[in-house]
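Note that the UniProt record's numbering has the sequence shown beginning at 1, numbered continuously upward.
Just so you know, the hints here were simulated from the structure itself, not pulled from any lab data.
The beta-carbon is built from N, C-alpha and C at its ideal position, and this holds for glycine as well.
Just so you know, nobody snuck in bad clues.
Taking lysine-lysine and the DSSO-like style, the derived pairs with C-alpha atoms no more than 30 Å apart in a straight line are:
{"id": "1", "residue 1": "14", "residue 2": "97"}
{"id": "2", "residue 1": "81", "residue 2": "108"}
{"id": "3", "residue 1": "104", "residue 2": "81"}
{"id": "4", "residue 1": "128", "residue 2": "108"}
{"id": "5", "residue 1": "97", "residue 2": "108"}
{"id": "6", "residue 1": "14", "residue 2": "104"}
{"id": "7", "residue 1": "128", "residue 2": "104"}
{"id": "8", "residue 1": "81", "residue 2": "14"}
{"id": "9", "residue 1": "128", "residue 2": "81"}
{"id": "10", "residue 1": "97", "residue 2": "49"}
{"id": "11", "residue 1": "108", "residue 2": "14"}
{"id": "12", "residue 1": "97", "residue 2": "128"}
{"id": "13", "residue 1": "97", "residue 2": "81"}
{"id": "14", "residue 1": "49", "residue 2": "14"}
Cβ-Cβ distance ranges computed for the label pairs, FRET-style:
{"id": "15", "residue 1": "55", "residue 2": "81", "range": "19 to 25 Å"}
{"id": "16", "residue 1": "69", "residue 2": "34", "range": "19 to 25 Å"}
{"id": "17", "residue 1": "61", "residue 2": "131", "range": "39 to 45 Å"}
{"id": "18", "residue 1": "27", "residue 2": "116", "range": "33 to 39 Å"}
{"id": "19", "residue 1": "145", "residue 2": "94", "range": "21 to 27 Å"}
{"id": "20", "residue 1": "121", "residue 2": "62", "range": "39 to 45 Å"}
{"id": "21", "residue 1": "34", "residue 2": "132", "range": "27 to 33 Å"}
{"id": "22", "residue 1": "145", "residue 2": "90", "range": "19 to 25 Å"}
{"id": "23", "residue 1": "132", "residue 2": "22", "range": "25 to 31 Å"}
{"id": "24", "residue 1": "118", "residue 2": "56", "range": "43 to 49 Å"}
{"id": "25", "residue 1": "106", "residue 2": "78", "range": "19 to 25 Å"}
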Amino acid sequence: MAGSSGNELRRDMKPFMEAFGLFDSNGDGFLTPEQAVMAARSCGLSVEKDSACSLGQQISRSAYGDWIARELAAAPLDPRKHLITSFQALDRANTGKVSAPELKEILKASGGILTETEVDALVSEADKDGNGCIDYVRFTDELLS
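Construct all of the structure, not just a fragment, from the sequences and the given hints.
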């Protein structure tokens, strides 16, 4: 990535490499293109299946890492798009919503960035009508406004 030090790139790659391990469900050290796309998207990176298919039907950890580094370098630095893509990875039913409890767990697992009180306040703000479902496009727009 242009302008990134080696340490920054390694830090940026860590969640993607962890996702590789999670999506390598049979432990053979390879992902299918579909698994590679799901792993990348689970980390908030918007990638196309065609891009992963160009790597072959069995994608090694090394090839996956190289592919992710190229995709990260080419990714636009649009925080709105990045956040929405991250939410879409959780929205398996493609409803445009995530559950309040799921958002709360994700925010709590954010590595101590937010306190539990801050997490509760953020989720309460996001779930204004109290129905337990959060429209993540609206929530993203509110966060960035």
